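**Q** Assemble the complex: chain F is given as a structure, and chain Z must be docked to it using the hints.
Number of protein chains: 2
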Amino acid sequence: MPDLMGALKRLVLGRPTREFAPRTKPRPLPVRSALALLAPDALSSVAYAPDEIVLALAAAGLAGVALSPWVGLAIAGVMAVVIASYRQTIKEYPQGGGDYTVAKENLGLMAGGVVGGAAMVDSLLTVAVSVSAGAHYFAAIVPGLEHHTQAVAIGLVGVVTVASLRGLKLLDKTVIVAAYGFLGVVGLTALTGGLQALTGNLAATPAHGLEVIPAASYEHGLTVLGVGLLVLRAFSSGAVALTGVQTIATGVQTFREPKARNAARSLGFLGLACAALLIGTLVLANRVGVVFVADPATQLRYANGTPVGPEYHQEPILAQIAETVFSAVRPVFFLVTAVIGLLLILAASTAFRWVPALMSMLAQDGFMPKQFFRRSDRRVAAHGIVTLGLGSAGLIALAGASVTRLVQLYIVGVFISFTISQLGMLRHWNARLPLAQSSRERHRMAGARLVNAVGLGLTAVALAIVVVTKFTHGAWLSLGLVAGAFGFMVSVRWHYRKVAEELRIASDDRADLGLPGRVHAIVLVSAMNRATARAVAYARATRPTTIEAVTVAVDMAQVGQLRRAWDELRVPVTLRILDSPVREITGPVIAYIRTLRQRATGDLVMLYIPEKVVRHWWERWLHNRSADRLMSRLRHVRGVVVATVPWQLGAASSPAPAVPPAPAASPDLAAPPAPPVPPAPAAPPELTGPAG
Amino acid sequence: MPDLMGALKRLVLGRPTREFAPRTKPRPLPVRSALALLAPDALSSVAYAPDEIVLALAAAGLAGVALSPWVGLAIAGVMAVVIASYRQTIKEYPQGGGDYTVAKENLGLMAGGVVGGAAMVDSLLTVAVSVSAGAHYFAAIVPGLEHHTQAVAIGLVGVVTVASLRGLKLLDKTVIVAAYGFLGVVGLTALTGGLQALTGNLAATPAHGLEVIPAASYEHGLTVLGVGLLVLRAFSSGAVALTGVQTIATGVQTFREPKARNAARSLGFLGLACAALLIGTLVLANRVGVVFVADPATQLRYANGTPVGPEYHQEPILAQIAETVFSAVRPVFFLVTAVIGLLLILAASTAFRWVPALMSMLAQDGFMPKQFFRRSDRRVAAHGIVTLGLGSAGLIALAGASVTRLVQLYIVGVFISFTISQLGMLRHWNARLPLAQSSRERHRMAGARLVNAVGLGLTAVALAIVVVTKFTHGAWLSLGLVAGAFGFMVSVRWHYRKVAEELRIASDDRADLGLPGRVHAIVLVSAMNRATARAVAYARATRPTTIEAVTVAVDMAQVGQLRRAWDELRVPVTLRILDSPVREITGPVIAYIRTLRQRATGDLVMLYIPEKVVRHWWERWLHNRSADRLMSRLRHVRGVVVATVPWQLGAASSPAPAVPPAPAASPDLAAPPAPPVPPAPAAPPELTGPAG
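One line per chain: the protein sequences are F and Z, in this order. The first sequence begins at 566 in the numbering used here and counts up by one. The second sequence begins at 566 in the numbering used here and counts up by one.
Only chain F is shown next, with the shape it has when bound in the complex (with noise of 0.2 Å):
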């Protein structure tokens, strides 16, 4: 079964030899590569959250939707100050790490899980939320895949996961390219739409025909409550705009020196960026009069009365601006709406690439198994990869590929760690403040602390908004996994520290460096051969106080020319015969450990197993069956090591060279080659060899 998955492994990851020369530590990166290496994050959400905003509104009819820029702008104006205490957090700790480290070093170990876990569910969060969006895009220019969108999600998880696992360069280098990309199509996009605007040549979307039903509840046009509402529930979707702006300081160490400078820099352009973006898109949206809503279905029909029916597509609105901007130039649009899609799908590969540096993080705390903590080991890394994959994939089909209620589960994790993290660099400030050496300092910090001391205060009441107003939409699911996570991590830190307590060595215990009196070998044998031959030579050479080869009688015939060959080559060491009246190995074998060791408790017995090599997986299971259960069970067997003596089977078609019995330390210990020791009786009670 292992073997079979290492073949299945070795199918994805490549070829076995890779295995061998894991890939080396990532060198820094210039300025330009770094940001765009993890901007997509940021970038695609800003790409999505105009849809949410729109449709949140859109529940109010079309009087709602001319609301969103405002609400833009409160996002925007939220960015602002998250992001300026992101540029504090990267100053601080340039070593990277983000809010995880942020929330350990502040607010103690624990609150450091928590952050972990919410990371580990966002990250699943990110892949699932980007790729279908990106899906989204693609359906839009796609003819035939609208209503596959699902399928063709689910798809793209594979083939980045696949990527990620094979850490393709190429992979890295689209991802650059994507992101510039992205950039300049959707500044293309806003900038033509700008001047049309100006030069009143900005047509209609094909979709401004449609009216918007506007709820039961909003019937009656706006109260101010109602628009109270409204604005809160489309300002808490909006607010995923706002995810990915931690990537930056997650990952200073990606930078070039001055690693801090490059990366605080980096993220103000970003930020910039992605306001300008998004209030762009939003004032864009309203003057070409795009339609999105939760339900095309039931909540669009066409000025004469008739809904649309489940036929009706609805674009993403960013596609909706460009099909009309360039509807003039459809290969725009085309390129426009393609290049937005493969930024979207490749946003998931960061979570790919940050997932195993998290894992390794929190392996290093002990929150993790700790084979995670070696990330760079492409096997380690490979199991994180692949629950990333499979988990995403199964969250996209729990929530049918929609972006609404992915978007809805991704907020909570996001501001969870948002909140935590800006109450910790709060605790930084208020421990920091009264070591400040000048006024100068001090100013510094204080105008610092209220960064962050703001920042708090609007992650938490944007989180309270989208827990209260969320909770039946997804959020109680996104609450269990972050817990569930939280859970996993704390019980494999209280595993680790039960057993590093219970192998602690106290200052007055040397019991365990003490030795044992006396070393039994025993070899475990089934036939003559050349494999047994190399098993009881290597048990000699270790001189041991006593020596025996032990078979078990399950076949009369074997043991019979196992005794014969013993005899006719004189083989050193006396042979000794259990009695399996059923037919097993392990329990005689056991049973005659235990007796050995009843006798004299202080001593080791040393059982030495040939072990055949075989070239391919499924060799394995024609060999060592008996063995690998036999070594299993020894394992709880106190006083007993195992210690295996591989054949490489097909290695050599010649014998190994004859070796000359080099002079060993104790002469009288040393055994000559092939000492003419007269056949054994068979079984004698007590333990003899040449060595004992």
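Identical chains blur together in the list; that is why a pair holds if it fits in one copy or across any two.
Mimicking EDC-like on lysine to aspartate or glutamate, the simulated pairs with C-alpha atoms at most 20 Å apart in a straight line are: (1) K935 <-> E1066; (2) K1177 <-> D1193; (3) K935 <-> D1193; (4) K1063 <-> D930.
I should point out that these hints are in silico values taken from the structure, not numbers from a laboratory. Nothing here was measured: the structure is a model prediction, and the numbers come from that model.
**A** For chain Z alone, kept in the frame of chain F given last:
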């Protein structure tokens, strides 16, 4: 992964402690029990054979069905010859093993292989056919099951598989009761029906009013050629009644002494019972006017000419007879049908009992992975049983639980075995005849040879008829499966022979018995704790030529801590720190061992790895991952023995008793309990150690 499988296995197989007490060798049984335990296979085939005969003849309309008792008589004749022949086999091969042994001993191992392959396929089909037939009987008395026989059959295979896995004694007892119960209820039905016929009170079946539409080729009445073909087809289908008679020849060892005589007499009795049942059923079926066709929807119509339609449910013949005979006492009809259904399902358990024995026999000759030789080992037997369950469930699904289709597959395999076995016995007598001591013995042998010659002729003709008339109806699949099983067995045997050849010790080749010159002990450590201390102590106890501890610098903080603890505790072994730029453990250790080996090719490297033995399978995921990988990679490096030093977590909270160093065999090698060796400088270029 393997541990998860283990947990699942425990769930199905029972508590893990059971593994320590494998089933003891089955005790020989008195004739009554042994016969009943081995009979269901043969009895069950008599239950469904009449259906197949009637169905084949019904192609020519009711006129054809009237021939059924004569076909039954012909089959009973063949059965008499085959049974006479197997009685001889029992006497000549009282050790059991049946057809496989006969073929192997007289026709060579490859003929045995073919019989073995056929027997494997037959065991799949025994289960598939008898459980499908059983499902149809239950459908006759449980309303609502009529159109779900496939699901019912697959579910029942699952039940029998689990029961066989757990080796319930209750199952054996149920089989014995069901076998006699079957004889009782079918006998009662025949007797009652016979009396009713004599007294003129025998009613007609409820299906009697239906008309059978003859196939196109028969609609102008019966020609001589037509009758011939019809009878051949009916004969070849009805020949399935012979299956199961070989079971007793295979299981001679189940009987109490005198085994051979008891088995031969039992077989005779069973043959008589089967022949009587077959002919009795067919006669009675004709008298009550049963109607049984391959496809009721197209082949049956009501007297008024309307087809019966797809809703019509056709009952098996024995159920139709019982329903007619006991029409006045419905509960008896229910009882009779239930007992027949139960016997059919329990007949499958014969195959489950037989498969581990068959695989053990094949494994002894190298035809199967050798672990199957230990058939009393629960885990090993479980593999065979689960494979049988899944395979037969697959066949049922493939055939839609149609007994008719499965029977076509079944007969091919059975008659391959029959024919080869008869041929083997013929050669057996040919070889024995010249050695006869007296004319009386010669006479007896010649008679026996004649029986086998007739048997060979009949079974070979039957096989040819089945293959020719049924090739496109499934015989091709049977032949393919038998060939596949044979190919698998031959390739396993070839692999073992190749390995044995490679490992064979030539008389002039004593190279592997030579001792390696020096032993270099390396203890792999990652942290200083009691498990590490134990590994160091054990490694020192083996008094190697040189000893050192090795760690890989994955986490600098951890290495520093280890270094300090090492020096503080004055561990009397040098600690070498290997650099790992990419945080990987396996590579640096292997590279280091390779350089050691290059320096002294004839030396032996013993790597001691402290292993934490966890109590729950899922905890394994948290420990020893690097060690496991290292071990699997090191298997391919020559001259390296890996010794795992287990620490049983949670086994004892108190420290191990301090062991005073016992007087060693050579005092100059015995290391003092904890010599105050000065802390070694980090990683000296040569291998050093206190024992060096």
